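Each chain, written out:
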Amino acid sequence: MVSGLINANPVIYEKKERRVRSAPSVGDDEHAVEPIDQLELEARFVRVFIFLTFLNHIRDIKDPEHPYSLEELKVITEDAIEVDDNHSYVRVTFTPTVEHCSMATVIGLCLRVKLMRSLPQRYKVDIRVAPGTHATESAVNKQLNDKERVAAALENPNLVDMVDECLAPSYA
Amino acid sequence: MDLHDDGNMILKEIQTLEGHTDRVWSLAWNPATATSPVFASCSGDKTVRIWEQTPSTRLWHCKAVLEETHTRTVRSCAWSPSGKLLATASFDATTSIWENISGDFECVSTLEGHENEVKSVSWNASGSFLATCSRDKTVWIWEVMPGNEFECASVLQGHTQDVKMVKWHPTMDVLFSCSYDNTVKVWAEDGTGDWHCVQTLGESNKYSLFPSFPPNPFLCFYATLVDALFFFIRPLCWLADIVSGHSSTVWALSFNAEGDRMVTCSDDLTLKIWETDVGRMVLGDDHAPWNHLCTLSGYHDRTIFSVHWSREGIIASGAADDGLRFFLENKDGLVDGPSYKLLLKREKAHNMDINSVQWGPGETRLLASTSDDGKIKIWELATLT
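Protein sequence lines correspond, in order, to chains A and B. Okay, so the first sequence: first residue is 1 according to UniProt numbering, each after it adds one. Okay, so the second sequence: first residue is 1 according to UniProt numbering, each after it adds one.
No lab work stands behind these hints: they were computed from the structure. Just so you know, these numbers come straight off a predicted model, no measurement behind them. Note that CB positions come from ideal geometry on N, CA and C, so glycine has one too. There may be inaccurate statements among the hints.
With beta-carbon atoms standing in for the labels, derived distance ranges [as the list claims (entries may be wrong)]:
1) B:Thr57 with A:Ala130: 54 to 62 Å
2) B:Asp194 with A:Glu78: 52 to 60 Å
3) B:Ser56 with A:Pro131: 36 to 44 Å
4) B:Thr110 with A:Lys74: 46 to 54 Å
5) A:Ser88 with B:Glu18: 17 to 25 Å
Dumping the calculated DSS-like pairs for lysine-lysine here, alpha-carbon to alpha-carbon at most 30 Å [to be verified]:
6) A:Lys147 with B:Lys345
7) B:Lys12 with B:Lys348
8) A:Lys124 with B:Lys348
9) B:Lys375 with B:Lys331
Using the sequences and the hints given, assemble the complete structure.
Here it is as structure tokens:
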């Protein structure tokens, strides 16, 4: 499942340019390969669209401790979101601001809630701390991906308030 | 019926049941209704639903909704062996006992004591004990008293993280619990009413024949002897792959009909089969150790949440990859010891994670599965003719 992941960013713009270039070339010797190329472009377009939608969804999430968005703090970058829409799979890797950041699980919970609320149900989501960026990396990862714990956390009014506050600017 | 011929089984989807408005966590077939099956399901929508089969159409319909009792997710449910009482465990930290009083289900008792979410509930074979477990890392044993009274008999501490599931052995008063701490623990009573952990099936499966409570001097001596012996034998055990436990959360476990084998499923994407000495168990030795028999890996590619062993020996598993898998003991080649083979698989059995799979109590091979998509599906594993 993981093998088909796409780090879409560097690929997107390259392919977009290619599409523009290929349009006027219809009729010349490239014509034979055009249909295949077009299909590939369409698939890529879908992936890019989903990727950008994700980015808009999650990059405005506010850091629980600071008045900045996660993107401004480099907690989330474009490279950190991997999308495989063929397998309906998303992986988000985030970087806590300090190694002992106690808010890492809350940030992760915010990411999960945001994606749960905005993605089609068929998507499987894994959320991870970037390797080597948190003192209790595996414990945080395990907790964030245990759906029973997430479900219980989301029935805790205090935690839900905190998450809603973090998501406020982008959740409409 | 020969279950050992390849390719003669087919999985038929009988019915999809809708009604729950949130993920369906778990379900339990009523063991006393084999001819006209009834089961209960529980959900994140805080309700429990009772489903009954209409004999004429052989289709299920919702007979009752048990609501306004639990204030949070109902995580698990279990019928007493007589089928008269239903126990429900909830994230609201309580366990409720429901009785079917002339067709209506009434909450007749509420068990309080856990500090937070209760995750699983199980009745022993005779219906005299109930066990519950929680995120508070404890397992509670409740004694069933006359008049729907439940008295806490023991609070078992030993797991280092939340306990995901408790399950009594099908014939003996030995309790099994599995946990977020990656282990399975075996609990037994020592003859004086005290319950202790007699074995931990963990990643580094330290041999513990007589761990904490040898009640008589002979056993004490024997335990020391065994420990000394295993000091020398342990390196050999490592070589022989005795280090065999799960490497992530153990979500569920189930026993075969004979009660001498157990299957566990985990977030580490494997199923493991464990075996004990049935002879020693028949003689009343609660502490016959469980040993790792084999590991089934490569069949699911996301967390395996549920596993259930049918009476005739078919293991069904359901996972977060939305798929169902069926396994059967491979009796062809016993050269390398017992092994299990994939009998059948169904991708996309549900649109979302599968949380629970349970075989029905009747003669036909009926399986019910529950999912995050809010649906319950009834399947029949039929033989091609």
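How the hints compare with the structure:
no.	hint	result
1	B:Thr57 with A:Ala130: 54 to 62 Å	holds, 55 Å
2	B:Asp194 with A:Glu78: 52 to 60 Å	holds, 59 Å
3	B:Ser56 with A:Pro131: 36 to 44 Å	violated, 60 Å
4	B:Thr110 with A:Lys74: 46 to 54 Å	holds, 49 Å
5	A:Ser88 with B:Glu18: 17 to 25 Å	holds, 22 Å
6	A:Lys147 with B:Lys345	holds, 24 Å
7	B:Lys12 with B:Lys348	holds, 14 Å
8	A:Lys124 with B:Lys348	holds, 13 Å
9	B:Lys375 with B:Lys331	violated, 36 Å
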